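Trainee: One letter stands for each residue in the lines below.
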Amino acid sequence: MKQNQDITRDRELLLGLAKGEDKSLEIIYSENFPVVLRMILQHNGSEDDAKDVFQEAIIVLYEKVQKNDFTLSSRLKTFLYSVCRHLWLKKVQRTYGLYTLSPELEEVIPATEELEEHYAKDQEFRIMEGAMSSIGQPCQTILEDYYLHKKSMQEIAEKFGYTNAENAKNQKYKCLMRLKKLFFDQYNTSI
Amino acid sequence: MKEDMILLRDIERYLEGEMSEQEKTAFDELRRTNPLINRQVEEHQLFLQHLGNYGQRQHLQAKLEKIHQQLDMPTLRKQAQDDNQAAKRLSIRRRTITNLAAAACIALVTSLSTIAVIQNVARNKSTAQYEDVRRVLNNIQRSQNALINDMNSKSKAPLNPGTYGGTGFAVSGNGYIVTNYHVVAGADSVYVQNNKGEAFKAVSVFEDISSDLAVLKIADSTFKSQPLPYALKPQSVKLGEEVFTMGFPRDEIVYGKGYISAKTGFNGDTTAYQVSIPVNPGNSGAPLLDSKGDVVGIVTGKQTTSDGIAFAVKSAHLKHLLDEMPKDKQIRKDLNHKSHLDGMNRVDQIKKLEDFVYMVKVYN
Numbered sequence: 001m002k003q004n005q006d007i008t009r010d011r012e013l014l015l016g017l018a019k020g021e022d023k024s025l026e027i028i029y030s031e032n033f034p035v036v037l038r039m040i041l042q043h044n045g046s047e048d049d050a051k052d053v054f055q056e057a058i059i060v061l062y063e064k065v066q067k068n069d070f071t072l073s074s075r076l077k078t079f080l081y082s083v084c085r086h087l088w089l090k091k092v093q094r095t096y097g098l099y100t101l102s103p104e105l106e107e108v109i110p111a112t113e114e115l116e117e118h119y120a121k122d123q124e125f126r127i128m129e130g131a132m133s134s135i136g137q138p139c140q141t142i143l144e145d146y147y148l149h150k151k152s153m154q155e156i157a158e159k160f161g162y163t164n165a166e167n168a169k170n171q172k173y174k175c176l177m178r179l180k181k182l183f184f185d186q187y188n189t190s191i
Numbered sequence: 001m002k003e004d005m006i007l008l009r010d011i012e013r014y015l016e017g018e019m020s021e022q023e024k025t026a027f028d029e030l031r032r033t034n035p036l037i038n039r040q041v042e043e044h045q046l047f048l049q050h051l052g053n054y055g056q057r058q059h060l061q062a063k064l065e066k067i068h069q070q071l072d073m074p075t076l077r078k079q080a081q082d083d084n085q086a087a088k089r090l091s092i093r094r095r096t097i098t099n100l101a102a103a104a105c106i107a108l109v110t111s112l113s114t115i116a117v118i119q120n121v122a123r124n125k126s127t128a129q130y131e132d133v134r135r136v137l138n139n140i141q142r143s144q145n146a147l148i149n150d151m152n153s154k155s156k157a158p159l160n161p162g163t164y165g166g167t168g169f170a171v172s173g174n175g176y177i178v179t180n181y182h183v184v185a186g187a188d189s190v191y192v193q194n195n196k197g198e199a200f201k202a203v204s205v206f207e208d209i210s211s212d213l214a215v216l217k218i219a220d221s222t223f224k225s226q227p228l229p230y231a232l233k234p235q236s237v238k239l240g241e242e243v244f245t246m247g248f249p250r251d252e253i254v255y256g257k258g259y260i261s262a263k264t265g266f267n268g269d270t271t272a273y274q275v276s277i278p279v280n281p282g283n284s285g286a287p288l289l290d291s292k293g294d295v296v297g298i299v300t301g302k303q304t305t306s307d308g309i310a311f312a313v314k315s316a317h318l319k320h321l322l323d324e325m326p327k328d329k330q331i332r333k334d335l336n337h338k339s340h341l342d343g344m345n346r347v348d349q350i351k352k353l354e355d356f357v358y359m360v361k362v363y364n
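Chains as they are written, first to last, in my numbering: chain A, 1 to 191; chain B, 1 to 364.
To be clear, the hints were calculated from the coordinates, so they are not data collected in a lab. Model, not experiment: these values are computed from the prediction. It is possible that some hints are incorrect.
Dumping the calculated EDC-like pairs for lysine to aspartate or glutamate here, alpha-carbon to alpha-carbon at most 16 Å [to be verified]:
no.	chain 1	residue 1	chain 2	residue 2
1	A	K151	B	D4
2	B	K66	A	E63
3	A	K169	B	D342
4	A	K51	B	D4
5	A	K181	B	D4
6	A	K169	B	E12
7	A	K180	B	D4
8	A	K180	B	D342
9	A	K169	B	E42
10	B	K78	A	D52
11	A	K150	B	E16
12	B	K63	A	D185
13	A	K174	B	E3
14	A	K180	B	E12
15	A	K174	B	D4
16	B	K66	A	D22
17	A	K150	B	E42
18	A	K181	B	E42
19	B	K63	A	E63
20	B	K66	A	E26
21	B	K292	B	D342
22	A	K181	B	D72
23	A	K169	B	D4
24	B	K66	A	D52
Listing some non-contacts, in silico: residues in chain A with all C-beta distances to chain B over 10 Å [said to hold, decoys possible]:
no.	residue
25	L15
26	K19
27	D22
28	Q66
29	T71
30	S74
31	L143
32	K151
33	S152
34	A165
35	K169
Every residue gets a Cβ at the ideal spot worked out from N, C-alpha and C, and that includes glycine.
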C-alpha cells in the first residue's frame, strides 16, 4: 500500500519533470542525492564523483520522461539508485581497469539496457559540446542565443554591435556552417 | 562558399516556414529533383535536433548545478559518513559472527566425529580381544519344523545336541542353576544335562546382563533334589591362589587347573578375576573353585589376544545377585553352609562335584 502511494507520488514528480517544472526537479534531486552520495562514498568515490554520477542519472531520467513512453515500474529511488550504481561501475572500470572493483559492485545491475540509449545520446552531446567550444567567440554565443535562447536576430545584432540584423544574420550563417562541419565530421566518423 | 551560404539560408527559411507559397513550391521541386539538396535539408534537420538536445541538456545541467549549490553539503557529508561507518561496523560484525559460527560448526563436527571414531575403534578392539566361551554345538541350521517335531514326539529332552552349549552348576539343592547370561541369551528353550546323561528342561528365572549371569530353574518332574557339597565363598580370593574348574567344552566333563592371575577382569572390570586356566568354548558358566572346594567364581570368557587368560565373575557378585532375587530363600540357605569338600583330595572332590555341574544346551 505504502509502496503504491510512493509510486504514485513518484509518477507525479516525473510528470512535473517532463513539463520542465523546476520544483519537481528540485524535490527529486534533494530527496535522492543523499542515498547516492552515501553509495559512492562507500565505494571509495569522492563527493564530486557522486555529483557527476547523480546528475548524469537525472539526465537519463529526464531523457526518458521526455520521450513520453516511460512508465515507472519501481520506485524512483530504486531507479535512480540502480542507474547510479551502474554509471559508477562503468566509471570505475574506465578509470582503473577491472582490478579495483569491489565485489558488491560486480553484481550486474539491471539498468543496462536502459542506459544503452543514454550512452548514444551522451556521445552526441559530447560531440556537439566539442564542436561548440571549438568554433570560438562570438560564434558560440551568437548560435546559442539564436538557437537555444531563441533570441531574435535584432537583439543579437544589438548585443554584438552589428549595424543591422542582416549583417548579424550573415555572421550567424557563417558560424552555423562551421559548426555543422565540425559536428558532422565528428558525428559521421564516430557513429 | 557563397552559394553554400545561400543554400543554408534557403534551407533554414524553408524549415522555419518563412518562405512564401511560391518559393516553397519551387524549393519542394528542387528537393525532389536534386537528391543532394534533399540530403542537405535532412542533415540540417538532424543537426537542429541535436542542437536542440544539446541546449536542453545544457539548460538542465545548469539547473542541476544550481540545485546542487543549494544543498547543505557539510550535513549530507557527515550523515553519509556516519551511515557508512555504521553499515561497515554492522557488516564486519555480521561477517565475524558468520566466521565464528562456521568455525564452531567445524570444531563441533570434528570433535564429535573424533569421539565417534575413537569409541568405535575402542569397542572394536575390546570385542576383538574378548571372546565368550560358549560352544557352538551345531552350525548347520535346522529347520524349525524338525525341531518342533522333535520336541512333540518326545516327552524327554530332544536328542539333538542343541545349538549352543555352556556349563552351569547348581546353587541350591532344589534345582537352581547358575550359568552365563550369554549362554542362554535369546534362547527358545534350555536343557541341562549332567554327567550321567540325564537331561532336564530348565527355564531362565533371572538374568543379569551387566555381570553376564543367569539363574535357571530345572522345571522337570524327574529331577530329584540333593544337598550341595560345596559352598559359595563370599570373600574375594588372594592373588595366586590355586583354583580349578569343571566344564563341558565337549560332551564329557573336563577338569582344568590354574590360578588367580589378577584381581580384576577384562579392561579392569572389578566384578571379575583374571584366571590363568585353560578354557575352551563350552566352559562358559563353569564354576571356579578353590582348593577347599568353595565356589570363588564363574568362568565367563577369555582373552583372544593371548593364550591361557580367562575371566571369571567373582562369587561375591553371584552372592549379591542371589540375595537380590526375591523369590527364593532356598538358594541362600544351601550355599551358606560349610563346604563338605574341605580336606579331600582333588579326585574325591571332583567325584563329588561332577553331579552338580551341568551341560547347558540352548535351542533357538
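Trainee: For each hint, tell me whether it holds in the structure or not.
Mentor: Comparing the hints with the structure gives:
Among the hinted pairs, K151 (chain A) with D4 (chain B) is inconsistent with the structure: their alpha-carbon atoms are about 24 Å apart, more than 16 Å. As the CA atoms of K66 (chain B) and E63 (chain A) are separated by approximately 19 Å, the hinted pair breaks the 16 Å bound. Between K169 (chain A) and D342 (chain B) the alpha-carbon distance is near 149 Å, which puts this suggested pair outside the 16 Å criterion. Of the supplied pair hints, the one linking K51 (chain A) and D4 (chain B) is violated, its CA atoms being roughly 44 Å apart against a limit of 16 Å.
Restraint check for K181 (chain A) and D4 (chain B): satisfied, since their Cα atoms lie roughly 12 Å apart, inside the 16 Å limit. A distance of roughly 12 Å separates the Cα atoms of K169 (chain A) and E12 (chain B); the hinted pair therefore holds under the 16 Å criterion. A hinted pair counts as satisfied when its Cα atoms are at most 16 Å apart, and K180 (chain A) with D4 (chain B) qualifies at roughly 12 Å. At roughly 137 Å between alpha-carbon atoms, K180 (chain A) and D342 (chain B) are farther apart than 16 Å, so this suggested pair is violated.
Note on K169 (chain A) and E42 (chain B): the hinted pairing is violated, with a Cα-Cα distance of about 22 Å set against a maximum of 16 Å. Between the alpha carbons of K78 (chain B) and D52 (chain A) the distance comes to roughly 19 Å, so the proposed pair goes past 16 Å and is violated. With a C-alpha separation of about 13 Å, the suggested pair K150 (chain A) and E16 (chain B) falls inside the 16 Å cut-off, and the hint holds. With a C-alpha separation of about 30 Å, the suggested pair K63 (chain B) and D185 (chain A) falls outside the 16 Å cut-off, and the hint is violated.
A threshold of 16 Å between alpha carbons decides the hint, and for K174 (chain A) with E3 (chain B) the separation of about 12 Å falls inside it, so the pair holds. A C-alpha spacing of about 13 Å is found between K180 (chain A) and E12 (chain B), which places the hinted pair at or below 16 Å, so the restraint holds. The straight-line distance between the Cα atoms of K174 (chain A) and D4 (chain B) is roughly 10 Å, inside the 16 Å bound, and the hint therefore holds. Between K66 (chain B) and D22 (chain A) the alpha-carbon distance is near 11 Å, which keeps this suggested pair within the 16 Å criterion.
For the suggested pair K150 (chain A) and E42 (chain B), the alpha carbons sit about 22 Å apart, so the restraint of at most 16 Å is broken. With a C-alpha separation of about 15 Å, the suggested pair K181 (chain A) and E42 (chain B) falls inside the 16 Å cut-off, and the hint holds. Restraint check for K63 (chain B) and E63 (chain A): satisfied, since their Cα atoms lie roughly 15 Å apart, inside the 16 Å limit. Among the hinted pairs, K66 (chain B) with E26 (chain A) is consistent with the structure: their alpha-carbon atoms are about 10 Å apart, no more than 16 Å.
Restraint check for K292 (chain B) and D342 (chain B): satisfied, since their Cα atoms lie roughly 4 Å apart, inside the 16 Å limit. For the hint pairing K181 (chain A) with D72 (chain B), the CA-to-CA distance comes to about 44 Å; that exceeds 16 Å, so the pair is violated. Between K169 (chain A) and D4 (chain B), the direct Cα distance comes to roughly 14 Å. Compliance with the 16 Å bound is thereby established for this hinted pair. A C-alpha spacing of about 14 Å is found between K66 (chain B) and D52 (chain A), which places the hinted pair at or below 16 Å, so the restraint holds.
No Cβ of chain B comes within 10 Å of the Cβ of L15 (chain A); the nearest lies about 17 Å off, and the non-interface call holds. Against chain B, the non-interface label of K19 (chain A) holds: every CB pair exceeds 10 Å, the least being about 13 Å. With a closest Cβ-Cβ approach of about 7 Å to chain B, D22 (chain A) is found to fall inside the 10 Å limit, against its non-interface label. Against the 10 Å criterion, Q66 (chain A) falls within the reach of chain B, whose nearest CB is about 8 Å from its own CB.
No Cβ of chain B approaches the Cβ of T71 (chain A) within 10 Å, the least distance being about 21 Å, so the stated non-interface status holds. Residue-level check passed: S74 (chain A) sits 22 Å from the nearest beta carbon of chain B, beyond 10 Å. A beta-carbon of chain B is positioned within 10 Å of the beta-carbon of L143 (chain A); the least distance is around 8 Å. Listed as a non-interface residue, K151 (chain A) keeps its Cβ farther than 10 Å from every Cβ of chain B; the least gap is roughly 12 Å.
Interface exclusion of S152 (chain A) from chain B stands, the closest Cβ pair being 13 Å apart, more than 10 Å. For A165 (chain A), the requirement that its beta carbon stay farther than 10 Å from each beta carbon of chain B is met, with the minimum near 13 Å. With a minimum CB-CB distance of about 8 Å to chain B, K169 (chain A) fails to clear the 10 Å threshold, and the non-interface call is violated.
Consistency note: the structure conflicts with the earlier hints numbered 1, 2, 3, 4, 8, 9, 10, 12, 17, 22, 27, 28, 31, 35.
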